[in-house]
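There are 2 protein chains.
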Amino acid sequence: MDIRILLVLELGTFIRGLETTATYDPKTREFILNTPTLTATKWWPGGLAKTATHAAVMAQLWTQNKCYGPHLFILQVRSLEDHTPLPGITLGDIGDKFGYNSIDNGSMQLNNVRIPRDQMLMRHSKVTLDGTYIPPKNPRLAYGAMTLYRCQILIICSGYLARASTIAVRYSAIRRQTETKPGYEPKVLDYVTQQNKLFPHIAGAYALACTGRYMIDFGKRATERLKLEDLSVLAEVRQISDFIGYIEMLNNTYINEQNSGHIYNNWLASCTYEGENTVMYLQSARYLLRCVKNPKSAPLGVSAVLHNPPGKHWDVKNMQDLEKTNTVLEAYRARAYKKVAIADKYLRELQSGGDTSYDAWNKSGIKLVDCAKAFTHYFVIKTFFNMIEKSRLGQSCHLQLHRLSILLALHGIDQNTGDFMLDNFIDFEQIKLIRVKILELFSEIRPVAVCLVDAFDIPDQTLLSVLGRYDGDVYNKLFEWAKEAPLNKTQVHSSYDKYLRNLLTSKL
Amino acid sequence: MDIRILLVLELGTFIRGLETTATYDPKTREFILNTPTLTATKWWPGGLAKTATHAAVMAQLWTQNKCYGPHLFILQVRSLEDHTPLPGITLGDIGDKFGYNSIDNGSMQLNNVRIPRDQMLMRHSKVTLDGTYIPPKNPRLAYGAMTLYRCQILIICSGYLARASTIAVRYSAIRRQTETKPGYEPKVLDYVTQQNKLFPHIAGAYALACTGRYMIDFGKRATERLKLEDLSVLAEVRQISDFIGYIEMLNNTYINEQNSGHIYNNWLASCTYEGENTVMYLQSARYLLRCVKNPKSAPLGVSAVLHNPPGKHWDVKNMQDLEKTNTVLEAYRARAYKKVAIADKYLRELQSGGDTSYDAWNKSGIKLVDCAKAFTHYFVIKTFFNMIEKSRLGQSCHLQLHRLSILLALHGIDQNTGDFMLDNFIDFEQIKLIRVKILELFSEIRPVAVCLVDAFDIPDQTLLSVLGRYDGDVYNKLFEWAKEAPLNKTQVHSSYDKYLRNLLTSKL
Chain Z
197 MDIRILLVLE LGTFIRGLET TATYDPKTRE FILNTPTLTA TKWWPGGLAK TATHAAVMAQ
257 LWTQNKCYGP HLFILQVRSL EDHTPLPGIT LGDIGDKFGY NSIDNGSMQL NNVRIPRDQM
317 LMRHSKVTLD GTYIPPKNPR LAYGAMTLYR CQILIICSGY LARASTIAVR YSAIRRQTET
377 KPGYEPKVLD YVTQQNKLFP HIAGAYALAC TGRYMIDFGK RATERLKLED LSVLAEVRQI
437 SDFIGYIEML NNTYINEQNS GHIYNNWLAS CTYEGENTVM YLQSARYLLR CVKNPKSAPL
497 GVSAVLHNPP GKHWDVKNMQ DLEKTNTVLE AYRARAYKKV AIADKYLREL QSGGDTSYDA
557 WNKSGIKLVD CAKAFTHYFV IKTFFNMIEK SRLGQSCHLQ LHRLSILLAL HGIDQNTGDF
617 MLDNFIDFEQ IKLIRVKILE LFSEIRPVAV CLVDAFDIPD QTLLSVLGRY DGDVYNKLFE
677 WAKEAPLNKT QVHSSYDKYL RNLLTSKL
Chain L
197 MDIRILLVLE LGTFIRGLET TATYDPKTRE FILNTPTLTA TKWWPGGLAK TATHAAVMAQ
257 LWTQNKCYGP HLFILQVRSL EDHTPLPGIT LGDIGDKFGY NSIDNGSMQL NNVRIPRDQM
317 LMRHSKVTLD GTYIPPKNPR LAYGAMTLYR CQILIICSGY LARASTIAVR YSAIRRQTET
377 KPGYEPKVLD YVTQQNKLFP HIAGAYALAC TGRYMIDFGK RATERLKLED LSVLAEVRQI
437 SDFIGYIEML NNTYINEQNS GHIYNNWLAS CTYEGENTVM YLQSARYLLR CVKNPKSAPL
497 GVSAVLHNPP GKHWDVKNMQ DLEKTNTVLE AYRARAYKKV AIADKYLREL QSGGDTSYDA
557 WNKSGIKLVD CAKAFTHYFV IKTFFNMIEK SRLGQSCHLQ LHRLSILLAL HGIDQNTGDF
617 MLDNFIDFEQ IKLIRVKILE LFSEIRPVAV CLVDAFDIPD QTLLSVLGRY DGDVYNKLFE
677 WAKEAPLNKT QVHSSYDKYL RNLLTSKL
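Chains Z and L supply the protein sequences, listed in that same order. For the first sequence, the positions run 197 to 704 when the numbering used here is used. For the second sequence, the positions run 197 to 704 when the numbering used here is used.
Heads up, some of the hints might be wrong.
Same chains, same names: a pair is fine if it fits in one copy or spans any two.
In silico DMTMM-like pairs for lysine to aspartate or glutamate, Cα to Cα no more than 20 Å straight-line [said to hold, decoys possible]:
hint, residue 1, residue 2
1, 559, 636
2, 534, 623
3, 416, 526
4, 673, 292
5, 508, 625
6, 322, 625
7, 628, 511
8, 508, 623
9, 416, 226
10, 628, 566
11, 377, 636
12, 563, 625
In case anyone wonders, no lab produced these hints; they're calculated from the structure.
Bound-form chain Z, shown alone (with noise of 0.2 Å):
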């Protein structure tokens, strides 16, 4: 059976507000499903539209004349003799969407349809056989499997990442550009200007795997807590999966290579599924600002950012400091420290100013997607510091990808040095120095960056990109792989016939 989770039409994070009802019928022991607008159409569901049989269905329950809020239920969708559509259902395909084409992401409308009342998921939640409703010990328990997902997007993203640098370092690799002296042009890849393009990405497609499995294995063990009903790990996994979730990449300019439009357009999802990144940064930041106020809740990792104040000035004198992982960690905990502070102190402010709760949250929107970026970047490049430490690397190996680390934080702050130089934690010397690192880390990781990204072991066939052949046969094959364009099957194309001879014939 494919079971999908069922998106709607016009819900965005207001999930109480949806219309689809489930009204209890005691006298046949059913739930009637209704969509009583347009708008409460089910909209996006993957495989809905031509592939599911059964769907889990998100509907407000109604029982005895109250409406209990959203509940899921079980819906058998098509025929399982010949795969049409039951009676009252109403199924159709999207249309076309930036990416996923090979999706049939789907819409349903429901008609007066019976199910029985066994098809409601009562783990957490009960309707007896006359009607009684019987709420859930912890009502946001059902958010469980949507938190477990939104670690895996990690992953996912990790995966995009490593196949866009895969192309790009190794296109660059290839193609040569400009004459720098008679005769010679050099590859692209030598560039400094390339290499800040693209080896801040190998780190980060790096970074994104290792903070991905971290949580994936944090969101395992926390749903194994969950099924023993042990509910007080529940924020702390969803809240640090928001954090994650939404990184880097976004902000980011993302690389693009002939070929990769492909992995552009379905990357750019993970911006919007699961939850928009703004409406996630927020939810973080709320978080956040409550670990503020009460220190004693908040879990060991977030009270060690939020309740040590930093030093009043980085700890970095010469070159040799920039290797060091804790000094380099120090000035993204410091960053997340101050964002936080500046929220929560502007937040208050507006509150005691006489604003309304929701017109302080809302003018303190910006500074509050700040500081959850802040301590996001700070989570992400902790693990990757944490995870290549633990590690049981070859000397060799841990060398690499320590150096990528220290690349990806270094490169953090000088894309951000306004946000670092705040109070003056960081000067300007330590900026100057910054840069002087990153050069030098540049021309450690020029001679091994094909390597780093062939360490991805993208097979060519998943990979689909002429340009970033493993076997580097770039010209040739872009030329084979044009031929079997649809337009070179014929010499004449149809549209010379249909308009062009006449156009060219005529005398205007």
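Starting from the structure of chain Z, add chain L where the hints point.
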């Protein structure tokens, strides 16, 4: 006749390295055109694959056993009778692209194709009947056309940005999100975080339109002077158009909404056509440094930036000061001045430290791109301010555009605080003022935001977006639009009989 300029498969910025040959044969008074290698294949020209009957071909000119470098030739590529490629000419389509797939970008290989002597474009350089070569007055004259087209890229980008903002602003004024008080979900456009994403882009579209128009006027006047063989203007046009072609938008996250995918894909091309943007920035930087060295050679506008050191500190004490265009512009001028000085100093230090001029240039790459970007930002803001000031607008229209221009400028500072805080030119207190001012501008722009995009006057037929419809009837029309999707032509898709039935009924 449809004539297109041709690029080649491997050609980068090393135009002198192109391999196609045109060898003069004085016996028949013909040129013989050849593609000696695979990498000499012409690649990309729009319309070449299936449409064009004639092409302008760049080739190395050989006569009297000597090579005189790249020259342009007119070549008939297809029969005017039946549109088949002429003997010796192999034409093909280059295959699927990220955007512009309705254009048949083509490839071409030439094998001993003979054309009459007078099909060489001989305005500037000539080959006489006996094969004597007469050089042009100025070898750079050939770039004139590309330069004018670069000016137009601005207008094209402005158009894409206008379309994207129109869709995003209109839909944000329809879509509601998150219940902020019981029963009330605000419009997405009421959120400051959304305003922060969209309003600077509205301003950007207006700014690019102004700058584009200014540049095209400038370019046209320059072209007239070129026809009169007044060469002095060439360097200036070329460099200023380089500055402008690759702006702002590259640094900003581009607005992405459903149905604006095609806008993104087509816009992206503007980062590379007529020259890859990093290469353009580097060319601009080279020009700026030359102006530093020879103040007298610099045109008035550039000289004003580079030869008047800015004051020690920005002259902003309160919110009112942030309304003054001269004051705001001075921040951009100071940044450009400092960035150019930094790049110049760094480059000279490396050279006097013994680096070859190529190595020094390459190592300075990031700083050089930075200084060109800073100058470009300055130029756009200045032109935008000037155009608004000089236009004969009604008072209220003037006020709205003034607000947009101030927003664009202050937002740019806020996005690059580290740059503007160089040498403490702008301090933290001023940054805080800017952020307060930006929020004030958001609330002033919010009531007219939809009008500001409606004023782009893009008809629905061009916008091609259900979400961005002028009448705002988004949900009904989205539903109707989706009904037309190919997958909705049948209730049960053919894949069911082919694959799914067996899968569903098998006893796995």
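Hint check results:
no., hint, result
1, 559 - 636, "between (42 Å within a copy, 10 Å between copies)"
2, 534 - 623, "both (16 Å within a copy, 17 Å between copies)"
3, 416 - 526, "neither (29 Å within a copy, 55 Å between copies)"
4, 673 - 292, "between (30 Å within a copy, 14 Å between copies)"
5, 508 - 625, "both (16 Å within a copy, 18 Å between copies)"
6, 322 - 625, "neither (64 Å within a copy, 57 Å between copies)"
7, 628 - 511, "within (15 Å within a copy, 26 Å between copies)"
8, 508 - 623, "both (11 Å within a copy, 18 Å between copies)"
9, 416 - 226, "neither (35 Å within a copy, 76 Å between copies)"
10, 628 - 566, "between (24 Å within a copy, 14 Å between copies)"
11, 377 - 636, "neither (24 Å within a copy, 54 Å between copies)"
12, 563 - 625, "between (27 Å within a copy, 16 Å between copies)"
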